[in-house]
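Peer 1: Spelled out, the chains give:
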Amino acid sequence: MTTTNTAQKLRRESNSLLGLSIINLVSSAMVLAFGASTLIPGILTMVQTQTVLLSELVFAILGLFAFIVGVRWIVATAEVLEIHEQLKEGSEKALDEDSLTSVIVGAMASYREKRGTIKAMLLISRIAGICFLILGIYTTINALITGGVSLWMIAGAIPNFAIAAAAFIIPHFFSKYQQIWDNRLKQTEKAEALLEKQLEA
Amino acid sequence: MQLKRTHYEIYWEILTYCRTPKSFTSIINRCNLNSKIGQAHLEFLKSRKFLLEVQQGDSTLLKATESAKEYIALFNKTYRELFDESPEFRL
Chain A
578 MTTTNTAQKL
588 RRESNSLLGL
598 SIINLVSSAM
608 VLAFGASTLI
618 PGILTMVQTQ
628 TVLLSELVFA
638 ILGLFAFIVG
648 VRWIVATAEV
658 LEIHEQLKEG
668 SEKALDEDSL
678 TSVIVGAMAS
688 YREKRGTIKA
698 MLLISRIAGI
708 CFLILGIYTT
718 INALITGGVS
728 LWMIAGAIPN
738 FAIAAAAFII
748 PHFFSKYQQI
758 WDNRLKQTEK
768 AEALLEKQLE
778 A
Chain B
14 MQLKRTHYEI
24 YWEILTYCRT
34 PKSFTSIINR
44 CNLNSKIGQA
54 HLEFLKSRKF
64 LLEVQQGDST
74 LLKATESAKE
84 YIALFNKTYR
94 ELFDESPEFR
104 L
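Line by line, the protein sequences are chains A and B. Under the working numbering, think of the first position of the first sequence as 578, with each following residue one higher. Under the working numbering, think of the first position of the second sequence as 14, with each following residue one higher.
In short, the hints are calculated from the structure, not lab data. As the structure is a computational prediction, the values presented were derived from the model and not from experiment. Virtual Cβ for every residue (Gly too), placed ideally from N, Cα, C. Errors might be hidden in some of the hints.
[Stated by the list, open to error] List of simulated lysine-lysine pairs, DSS-like, C-alpha gap at most 27 Å:
1) Lys-753(A) to Lys-763(A)
2) Lys-90(B) to Lys-586(A)
3) Lys-76(B) to Lys-774(A)
4) Lys-82(B) to Lys-62(B)
5) Lys-17(B) to Lys-774(A)
6) Lys-82(B) to Lys-774(A)
7) Lys-82(B) to Lys-763(A)
8) Lys-774(A) to Lys-62(B)
9) Lys-59(B) to Lys-774(A)
10) Lys-763(A) to Lys-665(A)
11) Lys-767(A) to Lys-82(B)
12) Lys-49(B) to Lys-774(A)
13) Lys-767(A) to Lys-17(B)
[Stated by the list, open to error] Here are a few chain B residues that face chain A, going by a calculated C-beta distance under 8 Å:
14) Leu-87
15) Tyr-92
16) Asp-97
Chain A extracted, bound-state conformation:
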């Protein structure tokens, strides 16, 4: 493979990672928005009425949980975006052999550093997916019980199902990403044996 092909591959991977991160960011922002919109009115109602109903308390706790998950998810996405930056910067200026290797080394180092973050993000995303799926089902059942078969009320559950779907799809792609880079890291171990020989020669 020529240096141009390697640079193009780096660029394509960088763009794919950016796309995935944007989907991730939108999903996490929606979780954060849901958390804030559930938590704050719940607290305000409790403060104004000076009473605490069990349902209000449950929703406030749920909102707080979603808010924390959303914040953590956004932070994790921002950290993953650093890998994209590393790949993008390099693929834009990399022309010679040394510069390209430098980008690969940098991306490897970033991945080693962010591996734990990616793992945590996969977990957060799956938890959010399960929560929003439950919420979507709850909203639908609630709408059916209280309002009969009203399409308008059932439509309220659509955003929940949409976030749940995104939260389940995102880990699928990040797992793919992780698999590819884990394999590359494994290959570096083989390369290290050769380099060790060269150092000892």
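Position chain B against the provided structure of chain A, taking the given hints into account.
Peer 2: Same frame as chain A, now just chain B:
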């Protein structure tokens, strides 16, 4: 690059940078190393004859040797191969 690098990667960075003679300070700055670790790496590379000291005026600089070029070439080849030959990540 100041992240989690293996020492083979750090050696490669030092040797690539020292293709032309460089001072100790510029090497540790460029390769994001602290003085103690930087000193240890440079001593190792000197002991393996991958770096040699070059006198330039009042200062002592370090320059990569021919053996270093072989290490750099092998490193470039293996890292490029492992990247080029692995599947591509696409959405």
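Peer 1: Against this structure, judge whether each hint is valid.
Peer 2: Against the structure, the hints come out as follows:
| no. | hint | result |
| --- | --- | --- |
| 1 | Lys-753(A) to Lys-763(A) | 15 Å, holds |
| 2 | Lys-90(B) to Lys-586(A) | 16 Å, holds |
| 3 | Lys-76(B) to Lys-774(A) | 22 Å, holds |
| 4 | Lys-82(B) to Lys-62(B) | 11 Å, holds |
| 5 | Lys-17(B) to Lys-774(A) | 22 Å, holds |
| 6 | Lys-82(B) to Lys-774(A) | 15 Å, holds |
| 7 | Lys-82(B) to Lys-763(A) | 25 Å, holds |
| 8 | Lys-774(A) to Lys-62(B) | 14 Å, holds |
| 9 | Lys-59(B) to Lys-774(A) | 17 Å, holds |
| 10 | Lys-763(A) to Lys-665(A) | 23 Å, holds |
| 11 | Lys-767(A) to Lys-82(B) | 20 Å, holds |
| 12 | Lys-49(B) to Lys-774(A) | 25 Å, holds |
| 13 | Lys-767(A) to Lys-17(B) | 18 Å, holds |
| 14 | Leu-87 | 5 Å, holds |
| 15 | Tyr-92 | 5 Å, holds |
| 16 | Asp-97 | 4 Å, holds |
When each numbered hint is compared with the structure, no violation occurs for any of them.
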